[in-house]
Every structure is written in structure tokens, then in C-alpha cells.
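> Chain by chain, the residues:
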Amino acid sequence: MQHLDQFKKPEDIDKVIYAINNMKTRPIKIMEICGTHTMAIAKSGIKSLFNENVKLISGPGCPVCVTPNDRIDKILELVKNKDIIIATYGDMLKVPGTKIGESLEKHKAMGARVEIVYSAMDAIELAKNNPNKEVVFLGIGFETTTPGSAIAIEVASAQKVNNFSVFSMHKLCEPILRFLGEMEDFDIDGFLCPGHVSIIIGEKGFEFLTKEYGIPSVIAGFEGGDLVTAIYKIMSMINEGRVEFVNEYKRLVTYRGNELAWNMVLKYFEPTDDLWRGIGLVKSSGLKIREEYSKYDAVKKFNITLGTSENITVCRCGEIIKGKKEPIECPLFGTTCSPENPVGPCMVSSEGACAAYYKYGRL
Amino acid sequence: MCLAIPLKIAEINGKEAMAEIEGVKRKIRIDFIKELKVGDYVIVHAGFAIEKLDEKLALENMELIKEVTDAALRSI
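Each protein sequence line maps, in turn, to chains V and E.
If you count by my numbering, then the first sequence holds residues 162 to 524, one letter each, in order.
If you count by my numbering, then the second sequence holds residues 3 to 78, one letter each, in order.
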């Protein structure tokens with residue numbers, strides 16, 4: 162049924178790699194937007210199969226990596242409140258805030274209630290089982306993840322789980338890609354569009370890259386065969402001077418996406434100007450909980466003042482997620498900053514560009 | 003973070019389902035999937051089924067990869 166092997170290693174895929182390496186072309190910069198792609202590319206060793214003309218650059222699609230210091234500091238304030246249980250996806254545990262040595266993991270070790278959840282629904286259960294505590298679910302993630310937070314709010318509202326709230330740091334792909342596309346020194350030749358975000362928002366969510374910015378773009382799956390096929394498509398388009406939008410992940414991505422899921426997001430959330438690590442405030446790039454559901458909005462419930470500017474530090478995460486620098490160009494990489502003692506979120510998240518470089522070897 | 007895995011539906015109870023992979027079962031939500039039945043495969047992200055895996059589309063997808071492979075073979 163799943164035909165997974167055929168997508169992992171289709172017949173003659175080595176010949177496709179050979180063909181890519183033999184294209185007579187200039188060096189081509191391809192940005193993979195999604196953190197899960199970054200990890201799939203690093204893990205499969207694909208980069209090492211291509212010659213110097215194929216430059217794969219990590220983009221702004223690792224949600225932990227783009228969360229700014231300000232939000233981490235606000236979470237680290239919340240966790241000090243003895244009445245609050247923080248429920249979070251595991252990736253957020255080690256992210257340090259502005260104060261050196263402080264993270265959710267350290268607070269947990271010192272007795273704070275920090276619970277790792279696999280799903281937003283687990284946070285609802287946690288709230289039901291702890292009626293005398295306030296459960297704050299950290300809403301991290303792009304369009305793939307946000308529908309789950311929306312359902313959690315819906316269930317909390319229907320079942321009157323009033324000790325549950327969401328700290329929304331959810332982000333949107335389109336505004337940040339437009340922001341990158343409009344940077345003066347923007348020099349990406351092609352985009353590898355995120356397969357699982359596309360399941361939700363459809364081909365229509367990314368075709369602006371081709372239609373408005375004239376950049377060849379391909380929605381890709383996460384297996385080796387998917388990635389090589391997508392890279393071939395982008396390279397051959399550029400080589401032949403064509404600008405097209407291709408959906409390589411046809412087995413799951415439709416033109417309109419999963420409207421049931423996205424409509425649920427729009428019912429509970431609305432776009433808001435949002436802060437990105439190392440980038441700053443980007444117009445309408447995040448999602449906040451709609452006023453009608455403010456009962457479930459941790460920002461309102463706990464009077465959190467959200468910062469609107471980002472401090473510049475030595476950590477190069479901001480430039481890395483814009484595709485302007487490689488992890489090895491950061492002065493902290495592999496010395497002060499490692500997965501055990503991360504300075505920036507690109508090293509914390511298993512999907513961060515720095516963590517991928519560190520683990521799978523570009524040193 | 004956008005990791006998603008294919009699971010097979012073993013049991014459906016309203017908006018919840020038990021889904022399995024190689025004998026390991028997990029409760030998931032199926033709010034976003036229309037017309038789901040036991041035996042279907044879904045792709046699951048953070049406890050939510052986000053799309054159904056369709057045999058016909060999987061074959062179309064393989065065809066697309068084959069077209070690329072054929073084009074690559076012609077070019078070398």
C-alpha cells in the first residue's frame with residue numbers, strides 16, 4: 162500500500178544524480194524551507210552525492226529555530242509560577258533564553274512542572290487531570306501543526322476545560338518567504354517546498370513563489386527518491402530557463418490542501434505581526450488566538466507583554482535561517498555551541514541546520 | 003517538527019481512532035479526514051491524521067518519479 166521503498170530508492174535514482182552532476186550549469190542555490198527536509202537531507206547524505214553546482218541551503222522552516230529570545234524569556238517567566246504546568250513538544254526543552262544557563266529543562270530539573278507532550282490533545286488530558294493547576298500549551302509550529310492546537314481549543318471550549326490555554330507562537334510560511342524574496346541580497350534560485358505544510362495549505366499556498374517571484378519551486382516528500390527527483394526538476398528548469406511550479410508529493414498534496422484542517426485554524430486563530438529570531442517583526446507572519454476565544458489564550462490570561470524587537474547576539478541563527486550563512490560560518494559552532502550546550506535554537510532543535518550539520522558531519 | 007508518519011486505522015470511535023504501525027497502536031484524532039474506514043492508511047502529525055494515503059495517487063506519484071528518471075536517462 163505505502164510503496165515506501167519505491168519512494169526511498171526508486172530504480173535508477175543513481176542515474177538521476179549522475180544527470181544532475183553532469184548538467185552544464187552555474188552553481189544553483191536551492192533553499193529547503195522545511196526543517197524536516199533539512200534533517201532528511203542531512204540524514205540521507207544527499208548533499209555529499211552532488212557536485213559543487215548544487216547548493217542546498219536551509220531556510221526558515223524549523224519552528225523552534227525561529228522562535229525569538231523574547232518568547233523564550235516569557236515562557237521561562239511563566240514556568241516560575243507554581244500554579245502553572247507547561248505542556249510542550251520536546252524540542253523546546255533545551256532552548257536557552259537571554260539569561261545564560263536558563264531553559265525549561267533546567268527549571269524542570271529544579272522542580273518546575275514541565276511536561277512533554279506528543280499532541281496538543283495530551284495537554285488537554287493534563288489539564289483535566291490537574292484541575293487545580295493551569296496548563297499552558299506552547300503552540301509552536303507552522304501550518305502542519307496549528308490545526309492540532311485549534312482542535313485542542315475546540316475541545317477545551319466544548320468540554321469547559323477552563324484551566325487550559327495556548328501560548329500561540331504559531332507561524333505562517335508565506336509571509337516569511339515573501340520577506341526573504343524581497344531582501345535586497347536575496348539570491349535563492351529555487352525552492353524545495355515543505356511537503357507536510359502543503360498537505361494542509363495545498364499547492365495554492367506556494368505557487369506565488371513561481372507566479373509572483375519567478376522562482377522555480379517544487380513541493381517534495383521526505384524520502385531520498387522524492388528529494389533527488391525534486392532537485393532534478395529544479396536544476397533542469399533553471400538549466401533550460403523555465404519557471405514552473407511542480408508538485409512532486411502528489412500522493413498526499415492536493416491543489417487546495419486539507420480545507421477541513423485549515424478552516425479549523427481560521428476559526429480559532431487570526432494573522433498577527435510576529436517576531437522571528439534574528440529577523441525581527443514580520444507583517445502578518447504569525448497566528449494569534451481570536452478575541453472570542455481569549456479565555457484559552459495564555460497571552461491574555463497571564464498578561465504576557467510580547468516584545469516586538471529582536472536583540473542581535475553573536476549567535477548566527479538569524480542569518481542561517483535566512484540562508485545567508487552556513488552553520489560553520491558561526492563563530493560559536495562546534496565550540497561554545499553544541500547539542501549538549503546549545504546557544505541558539507538552530508542547535509537545539511533536532512531539525513535545526515546547526516544540529517543537522519553537527520550530527521551528520523560538515524565539520 | 004513537521005514529521006509525519008503513515009499509520010493504519012484499526013478502530014474508529016467518533017473523532018478518535020486507534021491507528022497502528024507494526025503492532026504498535028496509538029490513539030489519534032481524525033477530525034480532518036472525511037470518509038475514513040478501518041484498514042485505510044493515514045499520515046499522522048502530532049497525534050492528528052492530516053491526510054489519507056491513496057493507492058491511486060501513490061501510483062501517480064511513482065509515475066512522476068519515473069518520468070523524471072526517464073528524462074535523466076535520456077540526458078546522459
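These aren't lab readings, by the way, just hints derived from the structure by calculation.
Errors might be hidden in some of the hints.
[Said to hold, decoys possible] Simulated crosslink set (SDA-like; lysine to any residue; CA at most 25 Å straight-line): (1) V/Lys235 / V/Pro292; (2) V/Lys365 / E/Asp56; (3) E/Lys17 / V/Gln320; (4) E/Lys58 / V/Gln167; (5) V/Lys428 / E/Asp56; (6) E/Lys68 / V/Asp175; (7) V/Lys241 / V/Thr259; (8) V/Lys289 / E/Glu18; (9) E/Lys68 / V/Gly206; (10) V/Lys208 / E/Asp56; (11) V/Lys235 / V/Ile218; (12) V/Lys169 / E/Arg76; (13) V/Lys485 / V/Lys462; (14) V/Lys486 / V/Glu401; (15) V/Lys169 / E/Lys17; (16) E/Lys58 / E/Pro8; (17) E/Lys68 / V/His164; (18) V/Lys190 / E/Glu24; (19) E/Lys36 / V/Ser499; (20) E/Lys36 / V/Leu427; (21) V/Lys170 / E/Lys36; (22) V/Lys208 / E/Lys36; (23) E/Lys36 / V/Lys289; (24) V/Lys485 / V/Phe211.
> If you test the structure against every hint from before, which numbers come out violated?
5, 10, 11, 13, 14, 15, 18, 19, 21, 22, 23
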